[in-house]
Every structure is written in structure tokens, then in C-alpha cells.
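Listed here are the chains, written in short residue letters.
2 protein chains.
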Amino acid sequence: MIRRCFQVAGRLGQHRVLPAVPQVLPRLNPTSAFGSSTDALVSRFCLKKTDLKDYALPNASWCPDMLTLYQEFLEKTKTDGWIKLPSFKSNRDHIQGLKLPFGLAVASDKSDWRIFTRCIQVEGQGYEYVIFFHPSKKKSICLFQPGPYLEGAPGFAHGGSLAAMMDETFSKTAYLAGEGLFTVSLNIRFKNLIPVGSLAVLKVDVEKVEDQKLYMSCIAQSRDQQTVYAKCSGVFLQLQLEEESSQ
Amino acid sequence: MIRRCFQVAGRLGQHRVLPAVPQVLPRLNPTSAFGSSTDALVSRFCLKKTDLKDYALPNASWCPDMLTLYQEFLEKTKTDGWIKLPSFKSNRDHIQGLKLPFGLAVASDKSDWRIFTRCIQVEGQGYEYVIFFHPSKKKSICLFQPGPYLEGAPGFAHGGSLAAMMDETFSKTAYLAGEGLFTVSLNIRFKNLIPVGSLAVLKVDVEKVEDQKLYMSCIAQSRDQQTVYAKCSGVFLQLQLEEESSQ
Numbered sequence: 001m002i003r004r005c006f007q008v009a010g011r012l013g014q015h016r017v018l019p020a021v022p023q024v025l026p027r028l029n030p031t032s033a034f035g036s037s038t039d040a041l042v043s044r045f046c047l048k049k050t051d052l053k054d055y056a057l058p059n060a061s062w063c064p065d066m067l068t069l070y071q072e073f074l075e076k077t078k079t080d081g082w083i084k085l086p087s088f089k090s091n092r093d094h095i096q097g098l099k100l101p102f103g104l105a106v107a108s109d110k111s112d113w114r115i116f117t118r119c120i121q122v123e124g125q126g127y128e129y130v131i132f133f134h135p136s137k138k139k140s141i142c143l144f145q146p147g148p149y150l151e152g153a154p155g156f157a158h159g160g161s162l163a164a165m166m167d168e169t170f171s172k173t174a175y176l177a178g179e180g181l182f183t184v185s186l187n188i189r190f191k192n193l194i195p196v197g198s199l200a201v202l203k204v205d206v207e208k209v210e211d212q213k214l215y216m217s218c219i220a221q222s223r224d225q226q227t228v229y230a231k232c233s234g235v236f237l238q239l240q241l242e243e244e245s246s247q
Numbered sequence: 001m002i003r004r005c006f007q008v009a010g011r012l013g014q015h016r017v018l019p020a021v022p023q024v025l026p027r028l029n030p031t032s033a034f035g036s037s038t039d040a041l042v043s044r045f046c047l048k049k050t051d052l053k054d055y056a057l058p059n060a061s062w063c064p065d066m067l068t069l070y071q072e073f074l075e076k077t078k079t080d081g082w083i084k085l086p087s088f089k090s091n092r093d094h095i096q097g098l099k100l101p102f103g104l105a106v107a108s109d110k111s112d113w114r115i116f117t118r119c120i121q122v123e124g125q126g127y128e129y130v131i132f133f134h135p136s137k138k139k140s141i142c143l144f145q146p147g148p149y150l151e152g153a154p155g156f157a158h159g160g161s162l163a164a165m166m167d168e169t170f171s172k173t174a175y176l177a178g179e180g181l182f183t184v185s186l187n188i189r190f191k192n193l194i195p196v197g198s199l200a201v202l203k204v205d206v207e208k209v210e211d212q213k214l215y216m217s218c219i220a221q222s223r224d225q226q227t228v229y230a231k232c233s234g235v236f237l238q239l240q241l242e243e244e245s246s247q
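Protein chains in written order, with full-length UniProt numbering: chain G, 1 to 247; chain B, 1 to 247.
Next comes chain G alone, as it looks inside the complex (with noise of 0.2 Å):
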């Protein structure tokens, strides 16, 4: 079944010029099919209490720039409609209540899961990183300080950590903009390197929705928008998630 479904995204990505291909889509019901509403979505992703710990807050090896934005955008929680969204430390933490559709449930164990992006829990090391969601202009902002541990070039961030760091401020977009949930395509242009341990601020655009896929734009530049980083275009499957205690 896994195989089947990521087919579909498959040939979607191949043959998107073609006018309808529903014969290859999962068979959803039209009128439940990402019925979800974005407030919906964001109020079971943002839980209020919890005893997880949320990554996605300033430590001592934040840099001024990124600590001086992030209050900026704590600001704007408050007047401007966006959202922090926290950081725990897997996936399944944040769709806990649901699974993946199609068989791809796996059975829960002891093992030390981790989200890739939470992959070195030192701080300063490895991902720093904080993503702010506005939920009606369908747009994120992504705070970003890479770490040594994500070197690339001596000095410089690799180009791979930047590539998933962008995935996953797509992935956390798309799923609370339109319950986007697979990776189709990523198409990144590399411009300038980002030197390790200095801020890199990454703006995601939803720019439609089609056929079950989102398509997103990313930038990639530095706090005074003077250097580009990287820019990127991705597409991403919509998929609904079903509740673990439904037939």
C-alpha cells in the first residue's frame, strides 16, 4: 500500500500537464476530503497542555539576530494573527490521536525516534530553529541557525541541511494550510553559503492548491534581505490522517 500511494505522487509530479488523472488518486469522499479547517488543524498541532518538550524556544546559543526576531514575531501572536508552532522531539507527538492513512501506521515502540530537524539535541550543535505560521494569509516564517554539526564548505552550513530545513517549514505549511502531508518535489537554487552559527530567514508561501497538491515558494535570505541564500519551490500531497480509534 505504501508503494501504491507514493505511485500517486509519483505520477502526479510526472504528469502534471495532463487535464485529470482521478483514476490514480486514493478514493476519498469528496465531501470529507480535507474538510479539516485550518483552525482545526493548528488548535490539535498547537496543544495547550502538554508535558512535551517544545524545542522551539530561545537558548544561550541563539544569535542576537535570531533572538531579536523571534521577539518580533511573539509580538505579532499577539496583534498580527501568527502562530508559534511548537517543536517536539518526533512527528508522533504532533499527530498523536491519528495515523497515517493507506497502511503506512507503523507500530509504535521504545526505539529513540527523532525528527531529522531535531536529530542533535546539544544546543547550539545542530538545529536551531522556530517556525511561525499565519493561518489565513497561508504563509510561515522559519528562524534558522545552523550549528558545527551541520557543516558543509569549512565554515558554512551544508547545502543538504538547508535543503531539509526548508522541507520541513514546507512540511509543517502545508499540513496546517491544507493537510498537505507527502513530499512530491523540492527544487532549490543555491545562491550564497550560510555561515555556521548566523541567523538565515526562510519565508514559505502557500501559492495554490490543485488536484489534492499544495504548491509552496521558499526564500532563503539573511535578517536585512541583502543576501539570498537559497529560493525553492515544493509540492506537496495532500493526504487526510485518520483518527487511531476509527474503523
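For the record, the hints were derived by calculation from the structure and aren't laboratory data.
Note that the coordinates shown come from a computational prediction; the quantities given were computed from them, not determined experimentally.
Among the hints, erroneous ones may be present.
If several chains are the same, the list does not tell them apart, and a pair holds so long as it fits within one copy or across any two.
For lysine-lysine, the following DSS-like pairs were computed, each having C-alpha atoms within a straight-line distance of at most 27 Å [unchecked claim]:
1. 53 x 138
2. 49 x 78
3. 172 x 203
4. 231 x 172
5. 231 x 208
6. 231 x 203
7. 89 x 48
Position chain B relative to chain G; hints supplied.
What follows is chain B alone, placed relative to chain G:
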């Protein structure tokens, strides 16, 4: 200088349809540019005597598929021209005695720098991989086994972790095949999810070298080639590393 260097890459990526853009290329002596033979590059890259730990060696976490395919390619290093690339903790170890051009070199310090794909040192939890390179065919094979710290959807590798693994395999291939140094672009189409703990085989080919750029392709699939995980094209910019002692 860093900015100018990458603006070059950016411009090249954007204006690839232009017949020629020599005015934006770094000034290189045509007689010496990219004159290092692949053999010389490989010889410098694969240190015969070193105290550095090679992370691309089998350990108890490797799955049977990964172990048997590793042994198969190790045999091919004796008979078929393949070379097993060592994998050190930092790219700094791979380019000892050399520095990046255009003022990109950074002062060495006591930080614990790690190449991103070796950021997690606990066996089996993060990236397990080994790259084999064929100098005359200008192709590579990467055996990649993602651990539970590389999770995206529950039980499966994060798309970003595969993107980074592709970028890293491209990177080593581009450098050894033709002094390709920086990623200009990555274009990834995801087809199926990789289960955590299983083997993905990445096949990389250098398709062409043109206008100081290497064009490469990658397919990631299961060992039996029945499941394609992703396909990717990548463009790298050629830039020569300078001898540290040179003026």
C-alpha cells in the same frame, strides 16, 4: 567575496540559456583551471596513512542488505576500478593542505566541526552510509541506511535526510570527477518513503561538464530496484581549491 562567489553560481543557474557569461565567471587561468586529474584528486582524497576515523566502515547496526552489497562493491575495488571513499568527521579532514578560493577559507578553531551527514556519531541512530566511486566512469554508488534520528513520517526517513544524502553523494562525486565544489541546484522528485533501518541504494552519474558546471543525476531505490524512492538532478559549480602555502 563569498557573496560574489555565490552570485556567480546563482547567475549561472538563472541564465543558463545565455550563450556565454564569461564576465561573471571567477578569473581562472585557463591553462591551469581544472587541470587536476581525477587520479590526483582521488589520491589526495583517499589518504593511505591517517589516524582519522573512517566512518564508512561496517558496524553492528548495518542491515544484511547493506553488509552484503558493501562486500560486493569491496570486491569490485580489487577487480573493476571502483574505489571506496573514506568518510571523515569533517570536510576539513578531506581537504587538508588546501583552502577554499575567494576568501571563503575560515580560521581553524577548537569547535567540534562535523560534516552534516556525520553529525550523529551513535552507530545506527543517524546516517549510516558508504560511497564507492568509479574514476573512469565518473559515477558513484552510495549505500544509505537511515536511522531513527532521521525520521519524518513515523517509521520513515525524512525527505530532507534523503535530500542531504543525495547532495553529499553529488558533492563527493563532483569534486573527484571534476573539481565541482558548490551545489548550484537540486531538483528532487520523491516517489516512495524509505523505511527507517532499511537500505537505499543511490546511483549517481555525471551527465556532462559544461561552462564550469557539472550536471549530475541520481536515482535512489531499493536493492532489488523494485522500489524507486526518489530521483534527483543536481548542478555543481567547478572551483579549484588552492594550496594553503601558495600566495
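Hint check results:
1. 53 x 138: within (26 Å within a copy, 46 Å between copies)
2. 49 x 78: within (19 Å within a copy, 60 Å between copies)
3. 172 x 203: Within one copy, since 13 Å is at most 27 Å while 30 Å is not.
4. 231 x 172: both (18 Å within a copy, 23 Å between copies)
5. 231 x 208: Intra 17 Å, inter 24 Å, cutoff 27 Å: intra and inter.
6. 231 x 203: So residue 231 and residue 203 pass the 27 Å test inside a copy (10 Å) and across (26 Å) alike.
7. 89 x 48: within (17 Å within a copy, 41 Å between copies)
In summary, this structure violates none of the numbered hints.
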